[in-house]
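Undergrad: Based on these hints, arrange chain X on the given structure of chain L.
Below, each chain spelled out in residue letters.
Number of protein chains: 2
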Amino acid sequence: MGWGDLGAFGEPSKETPNLDQMASEGMLFLDFYTANPLCSPSRAALLTGRLPVRNGFYTTNAHARNAYTPQDIVGGIPDSELLLPELLKKAGYVNKIIGKWHLGHRPQFHPLKHGFDEWFGSPNCHFGPFDNRVLPNIPVYRDWEMIGRYYEDFKIDLKTGEANLTQIYLQEALDFISKQQASQQPFFLYWAIDATHAPVYASQHFLGTSQRGLYGDAVREIDDSIGKILKHLQKLGISENTFVFFTSDNGAALISAPKQGGSNGRFLCGKQTTFEGGMREPAIAWWPGHIPPGGAMYKLGDIRDTSLSLSLAGLQPPSDRQIDGIDLLPAILQGKLIDRPIFYYRGNEMMAVRVGLYKAHYWTWSNSWEEYSKGIDFCPGQNVSGVTTHTQEEHTTLPLLFHLGRDPGEKYPLSFASDEYQRAMERISIVVQQHKETMVPGVPQLNVCDKAVMNWSPPGCEKLGKCLKPPKSDPKKCFWPH
Amino acid sequence: MGWGDLGAFGEPSKETPNLDQMASEGMLFLDFYTANPLCSPSRAALLTGRLPVRNGFYTTNAHARNAYTPQDIVGGIPDSELLLPELLKKAGYVNKIIGKWHLGHRPQFHPLKHGFDEWFGSPNCHFGPFDNRVLPNIPVYRDWEMIGRYYEDFKIDLKTGEANLTQIYLQEALDFISKQQASQQPFFLYWAIDATHAPVYASQHFLGTSQRGLYGDAVREIDDSIGKILKHLQKLGISENTFVFFTSDNGAALISAPKQGGSNGRFLCGKQTTFEGGMREPAIAWWPGHIPPGGAMYKLGDIRDTSLSLSLAGLQPPSDRQIDGIDLLPAILQGKLIDRPIFYYRGNEMMAVRVGLYKAHYWTWSNSWEEYSKGIDFCPGQNVSGVTTHTQEEHTTLPLLFHLGRDPGEKYPLSFASDEYQRAMERISIVVQQHKETMVPGVPQLNVCDKAVMNWSPPGCEKLGKCLKPPKSDPKKCFWPH
Numbered sequence: 001m002g003w004g005d006l007g008a009f010g011e012p013s014k015e016t017p018n019l020d021q022m023a024s025e026g027m028l029f030l031d032f033y034t035a036n037p038l039c040s041p042s043r044a045a046l047l048t049g050r051l052p053v054r055n056g057f058y059t060t061n062a063h064a065r066n067a068y069t070p071q072d073i074v075g076g077i078p079d080s081e082l083l084l085p086e087l088l089k090k091a092g093y094v095n096k097i098i099g100k101w102h103l104g105h106r107p108q109f110h111p112l113k114h115g116f117d118e119w120f121g122s123p124n125c126h127f128g129p130f131d132n133r134v135l136p137n138i139p140v141y142r143d144w145e146m147i148g149r150y151y152e153d154f155k156i157d158l159k160t161g162e163a164n165l166t167q168i169y170l171q172e173a174l175d176f177i178s179k180q181q182a183s184q185q186p187f188f189l190y191w192a193i194d195a196t197h198a199p200v201y202a203s204q205h206f207l208g209t210s211q212r213g214l215y216g217d218a219v220r221e222i223d224d225s226i227g228k229i230l231k232h233l234q235k236l237g238i239s240e241n242t243f244v245f246f247t248s249d250n251g252a253a254l255i256s257a258p259k260q261g262g263s264n265g266r267f268l269c270g271k272q273t274t275f276e277g278g279m280r281e282p283a284i285a286w287w288p289g290h291i292p293p294g295g296a297m298y299k300l301g302d303i304r305d306t307s308l309s310l311s312l313a314g315l316q317p318p319s320d321r322q323i324d325g326i327d328l329l330p331a332i333l334q335g336k337l338i339d340r341p342i343f344y345y346r347g348n349e350m351m352a353v354r355v356g357l358y359k360a361h362y363w364t365w366s367n368s369w370e371e372y373s374k375g376i377d378f379c380p381g382q383n384v385s386g387v388t389t390h391t392q393e394e395h396t397t398l399p400l401l402f403h404l405g406r407d408p409g410e411k412y413p414l415s416f417a418s419d420e421y422q423r424a425m426e427r428i429s430i431v432v433q434q435h436k437e438t439m440v441p442g443v444p445q446l447n448v449c450d451k452a453v454m455n456w457s458p459p460g461c462e463k464l465g466k467c468l469k470p471p472k473s474d475p476k477k478c479f480w481p482h
Numbered sequence: 001m002g003w004g005d006l007g008a009f010g011e012p013s014k015e016t017p018n019l020d021q022m023a024s025e026g027m028l029f030l031d032f033y034t035a036n037p038l039c040s041p042s043r044a045a046l047l048t049g050r051l052p053v054r055n056g057f058y059t060t061n062a063h064a065r066n067a068y069t070p071q072d073i074v075g076g077i078p079d080s081e082l083l084l085p086e087l088l089k090k091a092g093y094v095n096k097i098i099g100k101w102h103l104g105h106r107p108q109f110h111p112l113k114h115g116f117d118e119w120f121g122s123p124n125c126h127f128g129p130f131d132n133r134v135l136p137n138i139p140v141y142r143d144w145e146m147i148g149r150y151y152e153d154f155k156i157d158l159k160t161g162e163a164n165l166t167q168i169y170l171q172e173a174l175d176f177i178s179k180q181q182a183s184q185q186p187f188f189l190y191w192a193i194d195a196t197h198a199p200v201y202a203s204q205h206f207l208g209t210s211q212r213g214l215y216g217d218a219v220r221e222i223d224d225s226i227g228k229i230l231k232h233l234q235k236l237g238i239s240e241n242t243f244v245f246f247t248s249d250n251g252a253a254l255i256s257a258p259k260q261g262g263s264n265g266r267f268l269c270g271k272q273t274t275f276e277g278g279m280r281e282p283a284i285a286w287w288p289g290h291i292p293p294g295g296a297m298y299k300l301g302d303i304r305d306t307s308l309s310l311s312l313a314g315l316q317p318p319s320d321r322q323i324d325g326i327d328l329l330p331a332i333l334q335g336k337l338i339d340r341p342i343f344y345y346r347g348n349e350m351m352a353v354r355v356g357l358y359k360a361h362y363w364t365w366s367n368s369w370e371e372y373s374k375g376i377d378f379c380p381g382q383n384v385s386g387v388t389t390h391t392q393e394e395h396t397t398l399p400l401l402f403h404l405g406r407d408p409g410e411k412y413p414l415s416f417a418s419d420e421y422q423r424a425m426e427r428i429s430i431v432v433q434q435h436k437e438t439m440v441p442g443v444p445q446l447n448v449c450d451k452a453v454m455n456w457s458p459p460g461c462e463k464l465g466k467c468l469k470p471p472k473s474d475p476k477k478c479f480w481p482h
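These protein sequence lines map, in sequence, to chains L and X.
Reminder that position 401 of the first sequence reads as 401 in the numbering used here, one-by-one numbering, no gaps.
Reminder that position 442 of the second sequence reads as 442 in the numbering used here, one-by-one numbering, no gaps.
Calculated directly from the structure, the hints in this document are not laboratory data.
Check before you lean on any hint, since a few could be wrong.
Mimicking SDA-like on lysine to any residue, the simulated pairs with C-alpha atoms at most 25 Å apart in a straight line are [claimed, not checked]:
| no. | chain 1 | residue 1 | chain 2 | residue 2 |
| --- | --- | --- | --- | --- |
| 1 | X | Lys235 | X | Asp175 |
| 2 | X | Lys374 | L | Ala417 |
| 3 | L | Lys14 | X | Pro293 |
| 4 | L | Lys14 | X | Ile291 |
| 5 | L | Lys179 | L | Gly314 |
| 6 | L | Lys259 | X | Leu329 |
| 7 | L | Lys228 | L | Leu189 |
| 8 | L | Lys14 | X | Gly294 |
| 9 | X | Lys14 | L | Pro288 |
| 10 | X | Lys14 | L | Lys179 |
| 11 | X | Lys228 | L | Gly294 |
| 12 | L | Lys14 | X | Gln334 |
| 13 | L | Lys14 | X | Trp287 |
| 14 | L | Lys89 | L | Ser239 |
| 15 | L | Lys259 | X | Arg423 |
| 16 | L | Lys14 | X | Leu329 |
Isolated chain L, as found in the complex:
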């Protein structure tokens, strides 16, 4: 989902009344970022509070490439990483993930081995394969075992776009919340729905209800579901004890737009890129009685920070490692301004940095000419000369600089000769130098792929008669084109 999909952020048909109301009752973040323009690394950062280049969710197979966890990925979240649910568990929390995990699907990466107590959802994204013959369909787990597979047992009609998965995930969420309220145990619910990922789907009740087509139907269903979750908390009388945070793991995928992809509003490009459209996200904090309603402030937060609202649970972040995330609570509750750098990585490369309202690009790349010539376009209808480049362009000696206040769309690079450029770059250079000097990259987890590790025979497949025979192991460097 993209920044521009929210009515509160100017989606012209304003079809997110529940999210907009959540924002008006809570705090809308105007400057909130993912840690990566792609799903898996972004989610790894969310749960660890660490940049992907530290927690291992990146690749070194080629320079500055986005990587994630497809079915044949060998790696996943390392045991050495401490995840938010692991920490929360120490404070007595019951943790549940509903939806897409995406931090590795081999047994050692199972979410219940990394702090979660319950799981309902899938290890990988629901896109392809669709036939379960040449390649296994993605399994859906309940806790330790699979209970079926996408397309076979959990239908997604690729022709009509109908699927009731969001409804199933919603019911799971409401049930879990009810159960926790009844048992009086604190809980952490990670509601990781994926209806807006291509192939986009919505349930029958929402199909055709949006001005925006099927993608809009999916957004409406998510919006409606969030409204129902918030109302459920209120009905149970626990809304004032429950902190809710809404955000997205990367910008809208413009290659899938407009029928299967959302909008990043006025921001440049989308998912896969380190332009604002790839990484600026909708974000809302909601906590009635604690967060003053109607807040909308300029605060530089990012997805790593949400994992570090540990203070909510009275916990400290681990002290034995570099944590990039910070505690957002003072900003949210007391309106304290956060003004800290945002780093935009693509794989192993820091492509850009934001300091205050300035953003400096040290490398630019949309995608390769080869891909572009095949019609793969991460910036459709947007071409900023020398900025949305189709080769990896290095600007490390003379970064491209934008002022995101005057120019949120990154369309007017500042003149290298201007005083403003000189002053801003002096400040930014110090930040970048400090960042690079103290950077110790983690062991890259997304380098090796092997068809043998796919979801051929997930735990529980025997009971269902759904075990498939894996091919012989043949580990290879994964190919990451973007």
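TA: Quick look at chain X alone, frame taken from chain L:
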């Protein structure tokens, strides 16, 4: 001012709290258009309720050219046109215009000859000339006579951007409202401020207060002023008797962005073009006790319609002429859906039409290669192949079609071969045929220019010793490059 300048429409720094509150207390229009992508024709449509091609505010000097009323324009609003204040006068209204008139500056076009009772402001825009020697500076009138000139007597500091004009215009508005309230006479106030037109200005109190630079300072000052006007109405106890409508006369001028120009959000291109960025406008209706708060609806309205809220005054539109505008009141008060065509004209050519959520381009043009090569760019950072063309491209036999729900940015033309294209074009063709068959263009007023008609010696200049000697009359065809 552009659609994207409003916080409620996703301006990332959300710096229009008063307009956003006005929207939340009233109705925010999601699909509101100007009648033209340029100032004068748009304002002529606002006050007549008629398309510029009917009321004469267009040119036939060349095909599909934007024209307005510079200092050397010979034409202006014809006496045969009935303006909103002329009609309101019959119902006992006192009418005042504060700010830029722009419907002609020669004596016969004076606003007090066209229904207004009072005027404080200028006949032309405040941009250049700046020295009053080679060419006269623009005069500022109080009612019938000039009381000074821009830059000489009404300072605009081109270096710092400081000018207190918006404050002067605000005070005029508050005083007029107070006077009318005291005299118990109904009033129509046309508050036509122009601080967001380059050269952009703001008063000292607002300079440097925006994240968006000087342009943002100007927007903040306008926003603040509108808040003060609304509060004034409330303080005087007449807010429930006063209908307030906010809109803009064209999209943001992207050639002046980002330092001197605003934002059209996700819409394509800007001022001067018939893409959405040129003509989709912010629009808010406010009338406490009558308009239900928080309305934001898909309604196709346009700037011609605002002049036809004549029903507010218990009046009927004139029946002796074609009126394009419709009465917006049922839509505003009872939420009735308006779904009617929007016509996008550039000069004498219907470039595009919107029917429902479909927009068909019959002609496309951003600007000429010649201008573009000089750095004049109406679509910076936006290039949609075959759409933002630099030659006037005719598509009358096979219009370019966009679905503005899925694709508000006009980036994904529908396939000519699709069923959807066929179905939509069948419907649109009928609308266009009817429109063209019944079109009787007015006599074009913006064809002839003559330096002799400039503001050399406006009425009142003698008293001020500010009369200048006009050159010999030398009427010529005006040159309209866009």
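Undergrad: Hint by hint, note whether the structure agrees.
TA: Consistency of the hints with the structure:
1. Lys235(X) x Asp175(X): holds, 13 Å
2. Lys374(X) x Ala417(L): Given that 25 Å is the threshold and the Cα spacing comes to 21 Å, the pair holds.
3. Lys14(L) x Pro293(X): At roughly 16 Å apart (the allowed maximum being 25 Å), Pro293(X) and Lys14(L) satisfy the hint.
4. Lys14(L) x Ile291(X): Satisfied, since the Cα-Cα distance of roughly 19 Å is no more than 25 Å.
5. Lys179(L) x Gly314(L): holds, 23 Å
6. Lys259(L) x Leu329(X): violated, 35 Å
7. Lys228(L) x Leu189(L): holds, 15 Å
8. Lys14(L) x Gly294(X): Status holds; Cα separation ~12 Å.
9. Lys14(X) x Pro288(L): The hint holds at about 22 Å.
10. Lys14(X) x Lys179(L): violated, 40 Å
11. Lys228(X) x Gly294(L): Within the cut-off at roughly 21 Å; holds.
12. Lys14(L) x Gln334(X): holds, 19 Å
13. Lys14(L) x Trp287(X): holds, 22 Å
14. Lys89(L) x Ser239(L): holds, 21 Å
15. Lys259(L) x Arg423(X): Cα-Cα ~18 Å, so holds.
16. Lys14(L) x Leu329(X): Given that 25 Å is the threshold and the Cα spacing comes to 22 Å, the pair holds.
The structure does not agree with the numbered hints 6, 10 stated previously, though it agrees with the rest.
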